[in-house]
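Enquirer: These are the residues of each chain, in order.
Protein chains: 2
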Amino acid sequence: MPNLHAVIMAGGSGTRFWPASRARRPKQFLPLARGSSLLQATVTRMAAVAGRERTWIATNPRQAETLDQAVAGFPRERVIVEPEARDTAPCVALAAAVIGAHDADAVLAVVPADHLIEPQAHFETLLQRAVAVATEHHMIVTFGIRPRGPATGYGYIERGERLDEASPAAFRVARFREKPDLDTARRFVGAGNFAWNSGMFVWTLPDLLTAMASGAPELAAATQAMQQAARAGDPQALHTAFARCPKTSIDFAVMERAPRVAMIEADLAWSDVGSFTSLDAVHPPDARGNVTVLAEGARAVVKDARDCVVYGEGRRLVALFGTSDLVVVAVDDAVLVCPKDRSDDLKKLIEHLRESGHGDVL
Amino acid sequence: MPNLHAVIMAGGSGTRFWPASRARRPKQFLPLARGSSLLQATVTRMAAVAGRERTWIATNPRQAETLDQAVAGFPRERVIVEPEARDTAPCVALAAAVIGAHDADAVLAVVPADHLIEPQAHFETLLQRAVAVATEHHMIVTFGIRPRGPATGYGYIERGERLDEASPAAFRVARFREKPDLDTARRFVGAGNFAWNSGMFVWTLPDLLTAMASGAPELAAATQAMQQAARAGDPQALHTAFARCPKTSIDFAVMERAPRVAMIEADLAWSDVGSFTSLDAVHPPDARGNVTVLAEGARAVVKDARDCVVYGEGRRLVALFGTSDLVVVAVDDAVLVCPKDRSDDLKKLIEHLRESGHGDVL
Chain V
1 MPNLHAVIMA GGSGTRFWPA SRARRPKQFL PLARGSSLLQ ATVTRMAAVA GRERTWIATN
61 PRQAETLDQA VAGFPRERVI VEPEARDTAP CVALAAAVIG AHDADAVLAV VPADHLIEPQ
121 AHFETLLQRA VAVATEHHMI VTFGIRPRGP ATGYGYIERG ERLDEASPAA FRVARFREKP
181 DLDTARRFVG AGNFAWNSGM FVWTLPDLLT AMASGAPELA AATQAMQQAA RAGDPQALHT
241 AFARCPKTSI DFAVMERAPR VAMIEADLAW SDVGSFTSLD AVHPPDARGN VTVLAEGARA
301 VVKDARDCVV YGEGRRLVAL FGTSDLVVVA VDDAVLVCPK DRSDDLKKLI EHLRESGHGD
361 VL
Chain B
1 MPNLHAVIMA GGSGTRFWPA SRARRPKQFL PLARGSSLLQ ATVTRMAAVA GRERTWIATN
61 PRQAETLDQA VAGFPRERVI VEPEARDTAP CVALAAAVIG AHDADAVLAV VPADHLIEPQ
121 AHFETLLQRA VAVATEHHMI VTFGIRPRGP ATGYGYIERG ERLDEASPAA FRVARFREKP
181 DLDTARRFVG AGNFAWNSGM FVWTLPDLLT AMASGAPELA AATQAMQQAA RAGDPQALHT
241 AFARCPKTSI DFAVMERAPR VAMIEADLAW SDVGSFTSLD AVHPPDARGN VTVLAEGARA
301 VVKDARDCVV YGEGRRLVAL FGTSDLVVVA VDDAVLVCPK DRSDDLKKLI EHLRESGHGD
361 VL
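Residue numbers (my numbering), protein chains in the order written: chain V, 1 to 362; chain B, 1 to 362.
So that you can see chain V by itself, here it is in the shape it has in the complex:
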């Protein structure tokens, strides 16, 4: 696919993986994907379809500095550095401008850096379908994940009619739906025509600019200014134009307003890995429900324990003996022990650490 460029959005931070994640080491840098970082796994996945030379990482200046920790040897010239974190719409606009300066007819596949997806081969097939729909139908294409349960942590996509006979698994999008409460989620899953919104999109550059122009004119104007600045090689003008982008999400600015949106229905093992307790989506539990995720050199021994999550880094052994329903995280300079049902509430601990003079470990 010579025209396809992959843009990996890697600017997020994420406190829900403390102490593994830090201000300078966001979730996508963590080795949560069977030994490699989520970001490395995403690069591998996208490069398999778009090619390494058309795979880009969009991130903020701080993470750009330490990118080698997560993706050793990724070429600097394909790192798109956002001058500041301004949500996903400015990120996509900047990527569109930089890539558009090289290739005005590019097809963009924009994906978050911190998702787990399996199997790889099936994802590749679906991505190729998405590109076909984007180029042939001139639609904006999103990926809807076939729900594996009534999750309340994801937005949903209500699908409309099938696009055509030639594009199996491709549907019109009827509506985007906010994260539902549990009853609503159950209804969605029961209805059969709802999918999890994965936050992965495919579009041609001209179609994206058209959608922006009608739905988010300020964003469209900033994008054009950035594209001119990128062509002229004027970083100052690029930054100025970036600062004019509205601080909003690409979902809100484009997807939910565009008249022609398609959905590829994806039956994948997929997780946005929201917290330690969601690791079981890709790391199968042992017979007693314990999930163990270890970076190279780390060891874990789980004895007489059940339904625990262990995450280890560094040359150390983590031993759980007789415990249940705990999250235990051990990295070089910090250890966390917390019941599973409190692990979504880590922000409270983070605040407490900041206020009590332990900001250096955040």
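Just so you know, nobody snuck in bad clues.
Within a straight-line C-alpha distance of at most 25 Å, the following computed SDA-like cross-link-like pairs (lysine to any residue) qualify:
| hint | chain 1 | residue 1 | chain 2 | residue 2 |
| --- | --- | --- | --- | --- |
| 1 | B | Lys347 | V | Asp304 |
| 2 | V | Lys303 | B | Glu355 |
| 3 | V | Lys303 | B | Arg16 |
| 4 | B | Lys179 | B | Gly192 |
| 5 | V | Lys340 | B | Asp304 |
| 6 | B | Lys348 | V | Asp304 |
| 7 | B | Lys179 | B | Asp345 |
| 8 | B | Lys348 | V | Leu294 |
| 9 | B | Lys179 | B | Arg342 |
| 10 | V | Lys348 | B | Lys303 |
| 11 | V | Lys340 | V | Arg16 |
| 12 | V | Lys303 | B | Pro339 |
| 13 | V | Lys303 | B | Val361 |
| 14 | B | Lys347 | V | Val302 |
| 15 | V | Lys303 | B | Asp344 |
| 16 | B | Lys303 | V | Leu362 |
| 17 | B | Lys303 | V | Ala23 |
| 18 | B | Lys247 | B | Arg62 |
| 19 | B | Lys303 | V | Gly274 |
| 20 | V | Lys340 | B | Gly289 |
| 21 | B | Lys179 | B | Arg257 |
| 22 | B | Lys303 | B | Pro339 |
| 23 | B | Lys347 | V | Leu317 |
| 24 | B | Lys348 | V | Arg306 |
| 25 | B | Lys340 | V | Pro339 |
| 26 | V | Lys347 | B | Gly322 |
| 27 | V | Lys348 | B | Gly322 |
| 28 | B | Lys303 | V | Asp325 |
| 29 | V | Lys179 | V | Arg16 |
| 30 | B | Lys347 | V | Asp307 |
| 31 | B | Lys340 | V | Asp307 |
| 32 | V | Lys303 | B | Gly357 |
| 33 | V | Lys347 | V | Leu362 |
| 34 | V | Lys348 | B | Arg288 |
| 35 | V | Lys348 | B | Ser324 |
| 36 | V | Lys303 | B | Asp341 |
| 37 | V | Lys247 | V | Pro259 |
| 38 | V | Lys348 | B | Asp304 |
Hints listed in this document are in silico derivations from the structure and should not be mistaken for laboratory results.
Chain V is fixed; fit chain B onto it per the hints.
Expert: For chain B alone, kept in the frame of chain V given last:
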């Protein structure tokens, strides 16, 4: 007290403090005594009465090598190295021989290296009383701790009549009693004339040799042979004689058989620190029952947690968030998480670690 020599028995290992304790780093090496090791605290305590130049450490060859970790700068010439671990009777016999070679009229105070005792000043007074009883009455003197509850983990001493008006808190020993079951322990404590057997003893060298000769003649013979070897400066003969000592405890070989045994009744905060859950004897819990013991450089943050024990070493922060009734131990190369009510059962985990190829962290 020019004639008093303190002998600190430091040969024990102890798996109940894993992963803080290791084969080469026994419990008495751990910084469990308010920032210093138990052994260092014991050296300080005994040297305050016997003098630094008459304070000895008896230990095995392996721990002798790493003694500086626990007591920096302790002089090599006052380390008594047991050729092999053979229980406490051979240890005391060797110490008696080595010290007796210098000073045949020495008074020996023999104490374990791994006890916590407070307050220091009161202990000093009691030790001086014990020395007075040993020298004036020619009795073997033991310390009985006034019980703070019906503990089943300690042996008990049943006291007899008061020794005399001149020695307050000194009694004849009526009987030594094994570790009791809970009902028996309650009866002992209720009766008022029982004390915890602290395993600390004071005697003159001639009285010890007399008691050995009548109660444990093999041990007495070996002791005399060791004393000759020590005077002659013949380490080979010393080792040979040591190997002839029966492998038994000093309690069994001497104390329980000696006709004239006295007890100093000691109202001290005392603990033999049997496990992590016994640290509260000397490290007071916070308002929610959490006990925190940290070596230099380590930090702990306990948030919304109750009745937990945290032990930390090294430059790391241990965070407990929302937990209850857990023991959490974090050292450089290992982390243990275990419910308090399983912490006395650590041997089972240790065996499992050994059998599953993780013997390097033991």
